[in-house]
Amino acid sequence: MPSQQDIKQRIVSVTGTSKITRAMELVASAKLRRAQLRIEALRPYAKGMSELMSGAARRAGNVSGLPLMAEREEHRRAAVIAVTGDRGLAGAFNVNVVRQGLATAEELLAEGFAEVVFTAVGKKGGGTLRFRGREVDHHFQGFSSEPTYDDAHVIADFVSTRFLEGETDRVMLVYNEFKSVVEQRVVTEQLLPVPRTVVMGDEDEDEDAPSGGLSQAVADFEPEPAVLLEKLLPTFIDTTIYRALLESAAAEHAARRTAMSNASDNAEQLIADLTLAMNRARQAAITQEILEVVAGADALT
Amino acid sequence: MSTATSTDERQLAVKVLTPEGAVFEGKVRMVIAPSVEGEIGILPRHMPVVALLRPGETRLRITDGEDVILATTAGYMSVEFDTVVILVEQAEPYDQIDRARAEAALARAREELAAAGDDELAADRAQAAVHRAENRLKVIDRNA
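Top line first, the protein sequences correspond to chains V and F. Read the first sequence against our numbering and you will find it ends at 301, with the numbers running on by one and no gaps. Read the second sequence against our numbering and you will find it ends at 1144, with the numbers running on by one and no gaps.
A couple of the hints might just be wrong.
Pair ranges (Cβ atoms, derived) [what the hints assert, rightly or not]: (1) V:87 to F:1096: 29 to 39 angstroms; (2) F:1054 to V:161: 20 to 30 angstroms; (3) F:1099 to V:65: 16 to 26 angstroms; (4) V:27 to F:1021: 21 to 31 angstroms; (5) F:1096 to V:115: 48 to 58 angstroms.
To be clear, the hints were calculated from the coordinates, so they are not data collected in a lab. The model shown is predicted, which means the values in this text are computed figures rather than measured ones. For every residue, glycine included, the Cβ atom is placed at its ideal position computed from N, Cα and C.
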């Protein structure tokens, strides 16, 4: 049985840990709110972008000639972009992406790709993938908690260039989507070649502005729709990656908040249990002493 | 709702959107934007247009004496039914650009470009920063 002193020390240490987890929880909440605002801020731009793109694509008609959209016959090499965080202590956040990334790699191999490489975004994912002996062609890090559009642009440029040079024939994007404060979902999207359905858009489901695709059928394009579309696609890829980075950042903070909140609750429970054990130990010691005194007094008479 | 239809009273609903949020949202009389094929001016009742924009300055005429001038990066503009949507990577109001800071940013971007060397990704990023900084200064000079 541990002594009172031992238990007291453990209580002090658990109290210290709970202070840290509580602080991390608060920090994660604040960062989460900011990340959510940035997702909101991107939404109108992203919506305008896809409307413009589907309008241009419909007017251009034949889009199969665009290199960024051309489905390739050869299946030599595929790339999987795994978006993780730079830090741990966020529950299963990073593990889930890595696991899904590996599963996606298996699917690509099953589909006939000879080789799959990973492009790691975030310190954690890159480290784990390398540790597991996977080929990582580039490791972006240092911005997972507050990504900027420029960060997204650099990643987009890297993967697009490699795709256009024929280094890769397909690029998949795996990231955590921020569903709600308590739920994150790992999603897998095909980034390159840009799927036809994504470009054409599936006839606006959530219409809140009167700016439908209708009038673009008569709009004057300057330059021509096909040329415009070719310019639009890289911007679209930037935006897609930027959205994934923002979603992932929000999901990371939400996951960390939940994990830290659980840790704080556990610490509280642990402190309660330890306090009880300590009181019990103290009571046992007192009882023991009384017994000894009484036994001593008995022996004298 | 007024039933007046004279051009003077008709206005354009303009949105200038960037990935970081809306920079301008409101009613204006005229939009002048830097299209790749030259500046284009948009007045109410303009026909639908979709245009590619180059880096430059976008002018929004609120009233006759009052312009909002934005330093904008490359992007897109769509016009339909008196609604103008401008999508750019960055848009900075002219009156919020500080000359000294813009110059410092340009110098820093040039240094980064020189330091980037063989690192294509870093060079790419620095080059974009140089273009943005140059555009900012150009907009200041034009309106000084």
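Hints versus structure:
Between residue 87 (chain V) and residue 1096 (chain F) the beta carbons are some 34 angstroms apart, a value that agrees with the proposed interval 29 to 39 angstroms. At about 22 angstroms, the beta-carbon gap between residue 1054 (chain F) and residue 161 (chain V) stays in the expected band of 20 to 30 angstroms. Roughly 46 angstroms separates the CB atoms of residue 1099 (chain F) and residue 65 (chain V), a value that falls outside the hinted 16 to 26 angstroms. Range check, residue 27 (chain V) to residue 1021 (chain F): about 23 angstroms between beta-carbon atoms, so the 21 to 31 angstroms window is met.
Roughly 49 angstroms separates the CB atoms of residue 1096 (chain F) and residue 115 (chain V), a value that falls within the hinted 48 to 58 angstroms.
Going down the numbered hints, you'll see the structure goes against just number 3.
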